[in-house]
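Peer 1: Spelled out, the chains give:
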Amino acid sequence: NAGVMQNPRHLVRRRGQEARLRCSPMKGHSHVYWYRQLPEEGLKFMVYLQKENIIDESGMPKERFSAEFPKEGPSILRIQQVVRGDSAAYFCASSDQSGSMVEQYFGPGTRLTVT
Amino acid sequence: ILNVEQSPQSLHVQEGDSTNFTCSFPSSNFYALHWYRWETAKSPEALFVMTLNGDEKKKGRISATLNTKEGYSYLYIKGSQPEDSATYLCASLLSGGYQKVTFGTGTKLQVIP
Chain E
3 NAGVMQNPRH LVRRRGQEAR LRCSPMKGHS HVYWYRQLPE EGLKFMVYLQ
53 KENIIDESGM PKERFSAEFP KEGPSILRIQ QVVRGDSAAY FCASSDQSGS
103 MVEQYFGPGT RLTVT
Chain H
-6 ILNVEQSPQS LHVQEGDSTN FTCSFPSSNF YALHWYRWET AKSPEALFVM
44 TLNGDEKKKG RISATLNTKE GYSYLYIKGS QPEDSATYLC ASLLSGGYQK
94 VTFGTGTKLQ VIP
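If you read the sequences in order, they're chains E and H.
Its first residue numbered 3, the first sequence is counted upward by one per residue in the working numbering.
Its first residue numbered -6, the second sequence is counted upward by one per residue in the working numbering.
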């Protein structure tokens, strides 16, 4: 059973370009969470999605950032018109259900560098 | 406490020493506390999930305690080994927050052989 997959692992974009980060949850998992780790900072919650639904996007900047988790295919975090401040590691995690006792399984992360 | 705070930020111990570090979290609306172990260049890996005041969990040489009334959890490592070197993250969930977790910034542990 493959773990959570993220691609690409490293992404370099110039200012103003778009970045698309993909996350394939573990098999059987229908809950996906995106986190961002800025340099020298901890993990910050961005968005929580279930299949075809955004449950909580309170941690995601309102402009330029969007996320989706379609019925088929991976979850995608999209950053439009990237700026240098978007340079960070973006992690996704998945779980098979919601609830306080449910563990989240993390992917290896995508390191975005904006030049 | 409004945020999840961890201390110390980093720690160096000799192989064989026991060590512990702290996670402080908001005690109101507490729902659950998670501990993760995060090795360099890998993904965070879940260690413990704790919900009950006074709970104590153990996995090998690592154990954790929880005090929900005062809002803190301790993680203990007995007889540290070089392979314990990692960043240890705690994350709290508040009631009504389904799976929205708030992470601390972690304690980076380096075990010196």
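Think of the hints as simulated: they come from the structure by calculation, not from any bench.
Every residue gets a Cβ at the ideal spot worked out from N, C-alpha and C, and that includes glycine.
One thing to keep in mind: the hints can contain errors.
Derived DEER-like restraints, expressed as beta-carbon distance ranges [as the list claims (entries may be wrong)]: (1) E:Q99 x H:Q74: 31 to 39 Å; (2) H:E49 x E:V14: 39 to 47 Å; (3) H:E76 x E:E65: 38 to 46 Å; (4) H:K51 x E:L40: 32 to 40 Å; (5) E:P41 x H:H5: 21 to 29 Å; (6) H:Q74 x E:E54: 23 to 31 Å; (7) H:E49 x E:Q52: 27 to 35 Å; (8) E:N55 x H:S88: 31 to 39 Å; (9) E:R80 x H:N(-4): 26 to 34 Å; (10) E:V85 x H:S11: 43 to 51 Å; (11) E:V14 x H:S11: 25 to 33 Å.
Peer 1: Give a verdict on every hint.
Peer 2: Evaluation of the provided hints:
1. E:Q99 x H:Q74: 31 to 39 Å: holds (34 Å)
2. H:E49 x E:V14: 39 to 47 Å: At roughly 46 Å between Cβ atoms, V14 (chain E) and E49 (chain H) fall inside 39 to 47 Å, so the hint holds.
3. H:E76 x E:E65: 38 to 46 Å: Given about 43 Å between the Cβ atoms, the range holds.
4. H:K51 x E:L40: 32 to 40 Å: holds (34 Å)
5. E:P41 x H:H5: 21 to 29 Å: holds (22 Å)
6. H:Q74 x E:E54: 23 to 31 Å: For E54 (chain E) against Q74 (chain H), whose Cβ atoms are near 45 Å apart, the range 23 to 31 Å is violated.
7. H:E49 x E:Q52: 27 to 35 Å: holds (33 Å)
8. E:N55 x H:S88: 31 to 39 Å: violated (21 Å)
9. E:R80 x H:N(-4): 26 to 34 Å: Check passed, 28 Å falls within 26 to 34 Å.
10. E:V85 x H:S11: 43 to 51 Å: holds (46 Å)
11. E:V14 x H:S11: 25 to 33 Å: About 43 Å separates the Cβ atoms of V14 (chain E) and S11 (chain H), which means 25 to 33 Å is violated.
Checked against the numbered hints above, the structure breaks hints 6, 8 and 11 and satisfies the rest.
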